[in-house]
Each structure stands twice: as C-alpha cells, then as structure tokens.
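All chains should be built: construct the whole structure from the sequences, respecting the hints.
In order, the protein sequences belong to chains A and B. Every letter in the first sequence is one number past the one before it in UniProt numbering, and letter 4, counting from 1, is 4. Every letter in the second sequence is one number past the one before it in UniProt numbering, and letter 311, counting from 1, is 311.
Please note: incorrect hints may appear among the correct ones.
One copy or any two copies: either way a pair holds, since identical chains are not told apart in the list.
[Unchecked claim] Restricting the straight-line Cα-Cα distance to at most 16 angstroms, the calculated cross-link-like pairs of lysine to aspartate or glutamate (EDC-like) are:
1. Lys271 - Glu231
2. Lys271 - Asp229
3. Lys271 - Asp78
4. Lys271 - Glu42
5. Lys271 - Asp254
No lab work stands behind these hints: they were computed from the structure. Computed from a predicted model, the values in this text were never measured in an experiment.
There are 2 protein chains.
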Amino acid sequence: MSEIRGGRAARTAGPVHIVGAGLLGASVGLGLRELGVDVTLEDLSPTTVALAADYGAGRVRDASDPEPALVVVATPPDVTADAVEAALARFTESTVTDVASVKLAPYETLRARGLDLTRYVGSHPMAGRERGGAIMARADLFTARPWIICRDGETPAASLAVVEAVALDLGASPLEMTPEDHDRAVGVVSHLPQIVSSLLAGRLLAAPDPAVGLAGQGLRDTTRIASSDPELWVQILTANRGPVVELLDGVHADLESLIAALRDVDAPGAKRAIAGFLADGNRGVARIPGKHGSSERFVRLTVLVDDQPGELGRLLTELGELGVNMEDLRLEHSPGAQIGFAEIAVLPEVVEDARRDLTERGWRTL
Amino acid sequence: MSEIRGGRAARTAGPVHIVGAGLLGASVGLGLRELGVDVTLEDLSPTTVALAADYGAGRVRDASDPEPALVVVATPPDVTADAVEAALARFTESTVTDVASVKLAPYETLRARGLDLTRYVGSHPMAGRERGGAIMARADLFTARPWIICRDGETPAASLAVVEAVALDLGASPLEMTPEDHDRAVGVVSHLPQIVSSLLAGRLLAAPDPAVGLAGQGLRDTTRIASSDPELWVQILTANRGPVVELLDGVHADLESLIAALRDVDAPGAKRAIAGFLADGNRGVARIPGKHGSSERFVRLTVLVDDQPGELGRLLTELGELGVNMEDLRLEHSPGAQIGFAEIAVLPEVVEDARRDLTERGWRTL
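Right under this line is the structure:
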C-alpha cells in the first residue's frame, strides 16, 4: 500500500538514491516520494541535502541503507561522468542513470575509462526552471515533458526498463535517442536559442535608455532566455561544443551573407538574398510543432483588458461560457498603460463567432 | 457635435487624407472616424481602397473634396519619399506626415530633392500585426503604443501639433526623436531581433524532425517573429542598413569570439570568455523596462490548469477574488497533454500568500 498515492501505483521499485539534490534531483525525489517510493539523497553540500530532505524529496542516505535499485546522478554536467563512475563502483548491483543535458561527452568519458557500462543508461528529462536549487523543486516538473533515454548496444532491457519506469512515474514521455542524435537535437532546439538570445541581449548594453524604452513584444520574446544562469550554460555549451560550433558556423555564414547584401543593397541579387534569408526563417519556424509554433493552425484574437484584478478572469470565464477553448494565451501590457491586451489563439472556425459574442458582451477586440 | 463619439472629442481637425489603405492607413482611418473626423482615402489598388472604405476607415477621395488639413502617407517604406513629395505638391496648404518604420532615408531623400519641408513631419507609430492589409485594421491598433515624431529645426510648432493631435486621438504616446536616433533605436529594439530570430529559425530547416519535435518554450519565444513578411522586411532592413549593419558587425564580432572560445575551451581565458558572453546577455535583458522584461521585479508562479474551456477563467477569477494582480501571464501547453501551465508574474511580496491561497482552493502550483 505504501507504493500507492492519489490513485497512482509506482512502476519504480525503490530504493532510489539521488546524487545531487538541486532542482532536478530534488524534483525527481519529490515526484517519486508522492508515489510512495523510498528515496535517499546525497549532495556535496550538507545544507542542500538537508533542505531537499526537509522539502520531502527523500531522506539523507546513511551507512545502514541497502543498495539502491536505481541511482540518479543529478550533478552539474561537468562532474556527471565522475559521479556515474563513483556510483557504479560503490553500488555493484544498482542501475545508474544521469539527467545531464548533454549526453555524448559523459558517455565517451566513461567508455574511455574502460568501465563496464551495462548498468548505466544516460537520460535527459527536458525540463527546467529559470532558477535552480532544491528550493525551486516541484514534483510536477517533468509532467508532459520529453525524457530522452540513451541506451547503447550493450544496454540490457532490464536497465532500460528501470529508467523508463522513473520517467513514466514522473509523468514524462520517455523517448529513445543515441547520445549523438540527442546532443545535435538539443544543440538546435535549446543551446542555439540560448546563444542567439544572449547575442541579441548583449547588444542592448550599448543602446541608449530611450531606445531600450521602445522595446516591444518582439524584443521581449527573443531575449527572455538571455537571463539564464551563465555558470550552468558555460558547462552545457562547453560539453556540447561539437554540435554547437557546427550550428554556429551555419549562423556565421548566414550572418556574413546578410551583412554583405546589406552593405551593397544595389548589387545584383542583394535584395533577393535578404528576402531569401527572411523566407528561410518563415519556413524554419513553420516546422515547430505544437500550439505555440502553429501560427498556421490557429488564429489570434486580441481582447483589450483593463489592468485590474479579476478583469482577465472575467474575460476567460466568459470565453468558457461561450464554449471557446483557447489554444494559447499571451498577456501584453505596456508600461504605464491602464489597459492590457489578451491575445488568445483559437481554431479558425470559431474566431468570428467568438469575436461577435465578445463584442456583444462589451469587450473590445482587435 | 459631429466631432464627438463615445464621450471623446477629437483634437484632430479634419479632413484627414490617407495615402495607402493597408493595415496602418486603414487603422488610422478607423480610429479617426470613431471620433467623427472626416477621413478620405486613396490607394494604388482600387480593391484595397474600396475594402478600407467598406470597413469604415473613410471615404474614397474625389475631385470635389477640399484640401485636407493633414495627409497621412501610409505606403510601403520604399515609396514613402515619393508619396510625401507628391502630397506636398498636390496639396499646397496641408501638413503631411508618414508612418514608415524608417525615418532618416525618406527625410534625406526629400532634402536632397531641395523641397521645402516645413509642412512635412515624419512619424512612426510603433504598432503592427503579424499580418498586414486593410482587413486586419483596427481602430485600437495604436492604443498605448509609442508614436515617434521626427521634427527638424525648421518644423513650425503648428505642423508638429497636427501630428501630435492624431497620435493622441488614436490613444498613442507621442515621443519626439531625431530621425537618426529613431533609426538607431528601432535598429536595436525591432530590426535586430527580427534578424536574430530569422537566423535562428533558418537553422531549423536542416534539423531532423525528431529534433524539432523537442522544441520547448525557449525556441518558440525566440523564433516567433521569424514568421514576419519577408517583402516588407527587405524594405525595412534595406532602408535602415546603416544602423543595422553596425549592430550586425557587433553581433558578428561577439559570435566569432564565442566560436573561437568554444573551439578551444581549454585555452587560457576561453571559459571566462563564454561566461562573460552569457553574463552580458543577462545584463542586457535586465535593461528592458516594463512587465515582461522585469524578471527581477516580479516572481513567477506556475499553476497547473486542465485543458478545458473555462478552467483558466476560473483560476483568474479566483485570483481576482484573492486580490492578486497579475503583472503578466503566459499559458504553456504541451502538444497532446491534457494539462497546461499558467505562468503568472506577481509582485514578490504576494507570491507566497497567493500560492498558499490557491493551494487551499485545490489548485496545483509549481
């Protein structure tokens, strides 16, 4: 009975031991504890491990604890390989996984050391928050997120199943990839956006105040992730430098072509080169699946909302009464304005009815 | 009495004549018509002008109409100077403004032609939509947006006042800048984000489907504006190539330094260079004022919301009941998931109470 909470039975057989009780480690612990799995914790920092334990992410491991069924290494990426090797040596029967956001470098390091890796299966839950630390941990952090699992030819089905079970228990979608494919994929969907956002945000340093004061939604969206933690990202970019540099070489070539075309816009083909560059961006963004990227599947309806508590709630309650299911919502608010814009994405077939119904109820739509 | 609608009196004395009945021209017309101002329209396309007139943006100008008090040139940027010159010649008493998103190039072109520009005041309402055309026009398009006005040393106060009156009538915030300052400012807050977003989105073309399938919020935010109209943007970037190329040279230098550091991460100073690059991004994004950019002023509270009509409305109604004023809201929804995340930005001093109150009411927070 201890394995059942809230009507859900854990697939994961404990005990699970977590090495590194930061955001990811403590979140794994919290989620598994909710399902009744026995979780033990360790961290280089006694404060961090005590905090995570207080949070309910598990208990601090002591010498009398039995060998864990699974060890989850959730350390910073630059010590992942060492922590995996230490776990394999210390626990001779346990399956060991890690949750680092780069997969090839730790795997190659471990292979180069001649270790038997049949008990190791690398993984990467694609979840995170802007701020790290056990205090930011949440049991639901992995809900509906991809959880990449990297087996190799020697990985037994039993080891793979142990890691898949944890991913499923935490509400994530397990997905198998090779370390090479994983690293190239996160290079383009995660590491390159980070770099491009930082490149852009860095240019704001030299801009005068009145210019920065004109910032609109485009600048805000493109620079949001530029506020990420530099220390963590130095480790990530360094560990995945192969795919990242390859992507940056492509950006570099595109940038040089664009600069050349803009320097001499009357040269033959210059305007066509600029248009082609912009059209490639159109086609690239159209490839992103899901609600936010699918500008072709949904249309946007903008409603003016007074800047008062409850006004947006009233709007959305009325949308519910009208039977309109929002596919996405974005709130925009200009500094100093007493009015905001709620941008609602809906299916094309309902937008005109929704606009008419809202107008009848006194809402102003754009 | 015809100058008053909805309790608002127009500052603008008509008639106002609009040249170019696309998104911006038709929106100016709709907004002024709501205040009872007499508006006439023209466009190279008879279909466009008829559509805008049907929409209520004004009436098609005919030969018997008197000289307008103000002409608003709302053509594509590459014909702005010609259209301004034509308007100054055709109407010998009218004030003439334009709404092009680049200000120095048309001004210099007009100066080079030796024209008397005392009746011309360039301007730029910083508003737009992802799609253009009269059919997308809205009277509220300019509400709470900056409207840059570029006078020169010869601009009489009367001409300036006419343009300011239109901006104020349309709910915008008039702001004086020189054409040079304007172009440098929009270069960094608007044109550079567009280019960087397109650069990133272009890299998605070569990525395999499973990689693009891992797209998260970071990629979606940074590539959203990459779906903008290439034809319009070729004109904008071409017209503002001076400031844009200068900014791109800075991006180019930063990119080359980053690539060099990543190619040889063990070289002295390489990791420090990467960290410095990321830290510059942190400091740059922190300069953006207002609700969205102010990650330091507000904290984010994430609430899980079932994907059903009315659920988000119920959440926001309850936030209203609890007296919590949201500073920002973002809805995230993974494809296929039956659950979404409402990320609410609130003042730091209310977040813990809000979290507790919501939890007591049965909401799950992250």
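Unmet hints by their number, sorted upward, for this structure: 4
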